[in-house]
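Here's the letter readout for the chains.
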Amino acid sequence: MTPRTVDRLVAGVYAAACFGAVLAPALAVRWAVFRSNISGVAGRDIVAASVAVGAAHAAVAWTRLRCEKRTAARRSHIWIASLNALVVLALSASLLVLGVLAAFADEHARFANLGLPVVVLWTGLQLVAVAMAEATGRLVFWWLEPHPAPHRACRWGVLPPARHLVRLPRLSWRAPVRPPVQAPVPAPVTVAAARPAATRAR
Amino acid sequence: MNRREFLASGLGVVGTVAAGLTLGKGVWPLLAEEDLVPGEAPRARLDPQAWDTTADRVTFAALGDNGSGGRQAMAVADRMAEVYRDRPFGLVALLGDICYYGNFEDRYDDVFRRPMAPLIDAGVSFELAIGNHDADLHHSDEGLAEIEAELRLLGTPGRYYASTHGPADFFYLDSSVPGLLGDGSSDQLEWLDDTLASADNQWKVVALHHPPYSSGEHGSTPGFDEVLQPLLARHHVDVVLAGHDHHYERTHPIDGTTYVVSGGGCKTTGVAHRDFTAVAESTLEFLHVDIHGDRLTGTCIRPDGSVADRFTIRAREGR
Numbered sequence: 003m004t005p006r007t008v009d010r011l012v013a014g015v016y017a018a019a020c021f022g023a024v025l026a027p028a029l030a031v032r033w034a035v036f037r038s039n040i041s042g043v044a045g046r047d048i049v050a051a052s053v054a055v056g057a058a059h060a061a062v063a064w065t066r067l068r069c070e071k072r073t074a075a076r077r078s079h080i081w082i083a084s085l086n087a088l089v090v091l092a093l094s095a096s097l098l099v100l101g102v103l104a105a106f107a108d109e110h111a112r113f114a115n116l117g118l119p120v121v122v123l124w125t126g127l128q129l130v131a132v133a134m135a136e137a138t139g140r141l142v143f144w145w146l147e148p149h150p151a152p153h154r155a156c157r158w159g160v161l162p163p164a165r166h167l168v169r170l171p172r173l174s175w176r177a178p179v180r181p182p183v184q185a186p187v188p189a190p191v192t193v194a195a196a197r198p199a200a201t202r203a204r
Numbered sequence: 013m014n015r016r017e018f019l020a021s022g023l024g025v026v027g028t029v030a031a032g033l034t035l036g037k038g039v040w041p042l043l044a045e046e047d048l049v050p051g052e053a054p055r056a057r058l059d060p061q062a063w064d065t066t067a068d069r070v071t072f073a074a075l076g077d078n079g080s081g082g083r084q085a086m087a088v089a090d091r092m093a094e095v096y097r098d099r100p101f102g103l104v105a106l107l108g109d110i111c112y113y114g115n116f117e118d119r120y121d122d123v124f125r126r127p128m129a130p131l132i133d134a135g136v137s138f139e140l141a142i143g144n145h146d147a148d149l150h151h152s153d154e155g156l157a158e159i160e161a162e163l164r165l166l167g168t169p170g171r172y173y174a175s176t177h178g179p180a181d182f183f184y185l186d187s188s189v190p191g192l193l194g195d196g197s198s199d200q201l202e203w204l205d206d207t208l209a210s211a212d213n214q215w216k217v218v219a220l221h222h223p224p225y226s227s228g229e230h231g232s233t234p235g236f237d238e239v240l241q242p243l244l245a246r247h248h249v250d251v252v253l254a255g256h257d258h259h260y261e262r263t264h265p266i267d268g269t270t271y272v273v274s275g276g277g278c279k280t281t282g283v284a285h286r287d288f289t290a291v292a293e294s295t296l297e298f299l300h301v302d303i304h305g306d307r308l309t310g311t312c313i314r315p316d317g318s319v320a321d322r323f324t325i326r327a328r329e330g331r
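As given, the protein sequences belong to chains F and H, one line each in that order. All the letters of the first sequence, read from the start, carry residue numbers 3 to 204 under our numbering. All the letters of the second sequence, read from the start, carry residue numbers 13 to 331 under our numbering.
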């Protein structure tokens, strides 16, 4: 496999992981419905909403990876940032739903009474989780990349500069290498300066 | 690897492990167990007072652990309303835990008024055996205030009390601590002993939250086999209805008494089969009971209308 194919494969796996992280809480709720002998339709709206949000986010994540690949100073920066983004996505997609539904149960019930379908709330929470994950991914990537340097616009926002534009030394654990201090060079002795003053006057 | 790369990748790895443990062992199982998604209330219009309670006949329903106000609770309530159309009942015995995720005074509409609206409008009466989620297991001031609110809003006379419907006497107990166990439990036990002794109806039904016998997640309540079970056997109690564990279970008669767990009002948890188990299933459900003369017929009904269990008990059977 060529490096290009490997990159695409890994990006695809990452996008699928993002999709799964968004879908997982909906599947957990759906499992409860399935186990409880309620009619088969119940809970499908939530799964459908999560599929839509998850698919959209997978596409965004895929595009972000491709975009970052063109601009990254080091390839590892992309994957480190993506791992952090995935952790934030997985935690927030599930914990937000659990926390908000459990802590504000009567408020949600009131909304449901007013005719606001719960799927709207669910979708909103998942979109917040996706936004948090995307922000984390971009922030970590930006933090890892060498800077300051002129930024340039990308299709999905402002990205760190391209590799060929970066001319800064790489950050290192070691102390920065300083150029050796050179001793002052004495001014060259010219013929005019070497001549006696009397001679010059004449 | 520079310092930033080391920090970010370390954070990513630690986060992955933490997320895996948190989600896999905590959050996803909780989402699969709880009933957090708000549901739409049943909209059935029922004929008022369609039941027929006479000196030798009464029909009632028993429902436990239904206090979420979520979709699953609404599905069970909807099925109760549907069953009322065909086999009307004038009483619902609530087996505790009628309010989760908040206090009952705030959530009264969400967990009780809306789900039960068709039955309330039809004039069905509700009698409550308080549960551990209705207050703390050990009564604190806040817990007692919560119980007071429930008793007031449901018009329940006290933490433990008796009522009579047709040929059956009902005894509702407070099974929290101190209720039947621990310091201060003797008052209720003495009251139960006296009231059971003086009850002269053909059927005796005891309702409480914590099950004396259960094969579920919480299991049989420790101490009840010493304190409660001999007393129930001595007074020839026919049926004991309980909740707490979120499943349906019926025991073989134990000293003449059949113990039923009906805690699938809005959530489900797993259940095993033990020596005393006749039927057990992890499902949402409620129990419909029809007492006619010397025959009691119980039917456990799932939200989709299917029957999980049907049993018949003859009066004074096995005594």
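Read the hints as simulated data drawn from the structure, not as lab findings. As the structure is a prediction and not an experimental result, all values here were calculated from the model. Some clues are possibly wrong.
Claimed, not checked - Label pairs and their calculated CB-CB ranges:
#: 1; chain 1: F; residue 1: Val53; chain 2: H; residue 2: Val26; range: 57 to 67 Å
#: 2; chain 1: H; residue 1: Arg57; chain 2: F; residue 2: Ala54; range: 51 to 61 Å
#: 3; chain 1: F; residue 1: Ala54; chain 2: H; residue 2: Asp316; range: 41 to 51 Å
#: 4; chain 1: F; residue 1: Ser78; chain 2: H; residue 2: Asp316; range: 33 to 43 Å
#: 5; chain 1: H; residue 1: Asp316; chain 2: F; residue 2: Arg77; range: 47 to 57 Å
#: 6; chain 1: F; residue 1: Pro188; chain 2: H; residue 2: Val26; range: 55 to 65 Å
#: 7; chain 1: H; residue 1: Arg57; chain 2: F; residue 2: Val12; range: 56 to 66 Å
#: 8; chain 1: F; residue 1: Arg77; chain 2: H; residue 2: Leu42; range: 35 to 45 Å
#: 9; chain 1: H; residue 1: Gly32; chain 2: F; residue 2: Thr4; range: 30 to 40 Å
#: 10; chain 1: F; residue 1: Ser78; chain 2: H; residue 2: Glu117; range: 26 to 36 Å
As the list claims (entries may be wrong) - Just a sample of chain H residues kept apart from chain F, beta carbon distances all over 10 Å, derived:
#: 11; residue: Thr28
#: 12; residue: Glu46
#: 13; residue: Gly51
#: 14; residue: Thr65
#: 15; residue: Ala87
#: 16; residue: Tyr113
#: 17; residue: Arg126
#: 18; residue: Phe138
#: 19; residue: Leu166
#: 20; residue: Gly194
#: 21; residue: Gln214
#: 22; residue: His247
#: 23; residue: Thr295
To be verified - Chain F side only, calculated, beta carbon under 8 Å to chain H, not exhaustive:
#: 24; residue: Leu25
#: 25; residue: Ala26
#: 26; residue: Ser38
#: 27; residue: Thr65
#: 28; residue: Asn86
#: 29; residue: Ala111
#: 30; residue: Glu136
#: 31; residue: Gln184
Just so you know, even glycine gets a beta-carbon here, dropped at the ideal spot from N, CA and C.
Hint by hint, here is what the structure shows:
no.: 1; hint: F:Val53 with H:Val26: 57 to 67 Å; in the structure: violated (30 Å)
no.: 2; hint: H:Arg57 with F:Ala54: 51 to 61 Å; in the structure: violated (36 Å)
no.: 3; hint: F:Ala54 with H:Asp316: 41 to 51 Å; in the structure: violated (28 Å)
no.: 4; hint: F:Ser78 with H:Asp316: 33 to 43 Å; in the structure: violated (53 Å)
no.: 5; hint: H:Asp316 with F:Arg77: 47 to 57 Å; in the structure: holds (53 Å)
no.: 6; hint: F:Pro188 with H:Val26: 55 to 65 Å; in the structure: holds (60 Å)
no.: 7; hint: H:Arg57 with F:Val12: 56 to 66 Å; in the structure: holds (59 Å)
no.: 8; hint: F:Arg77 with H:Leu42: 35 to 45 Å; in the structure: holds (38 Å)
no.: 9; hint: H:Gly32 with F:Thr4: 30 to 40 Å; in the structure: holds (32 Å)
no.: 10; hint: F:Ser78 with H:Glu117: 26 to 36 Å; in the structure: violated (56 Å)
no.: 11; hint: Thr28; in the structure: violated (6 Å)
no.: 12; hint: Glu46; in the structure: violated (7 Å)
no.: 13; hint: Gly51; in the structure: violated (7 Å)
no.: 14; hint: Thr65; in the structure: holds (30 Å)
no.: 15; hint: Ala87; in the structure: violated (5 Å)
no.: 16; hint: Tyr113; in the structure: violated (4 Å)
no.: 17; hint: Arg126; in the structure: violated (7 Å)
no.: 18; hint: Phe138; in the structure: holds (20 Å)
no.: 19; hint: Leu166; in the structure: holds (18 Å)
no.: 20; hint: Gly194; in the structure: holds (30 Å)
no.: 21; hint: Gln214; in the structure: holds (34 Å)
no.: 22; hint: His247; in the structure: holds (36 Å)
no.: 23; hint: Thr295; in the structure: violated (5 Å)
no.: 24; hint: Leu25; in the structure: violated (11 Å)
no.: 25; hint: Ala26; in the structure: holds (6 Å)
no.: 26; hint: Ser38; in the structure: holds (4 Å)
no.: 27; hint: Thr65; in the structure: violated (21 Å)
no.: 28; hint: Asn86; in the structure: holds (5 Å)
no.: 29; hint: Ala111; in the structure: holds (4 Å)
no.: 30; hint: Glu136; in the structure: violated (16 Å)
no.: 31; hint: Gln184; in the structure: violated (30 Å)
Hint compliance for this structure: hints 1, 2, 3, 4, 10, 11, 12, 13, 15, 16, 17, 23, 24, 27, 30 and 31 are broken, all remaining hints hold.
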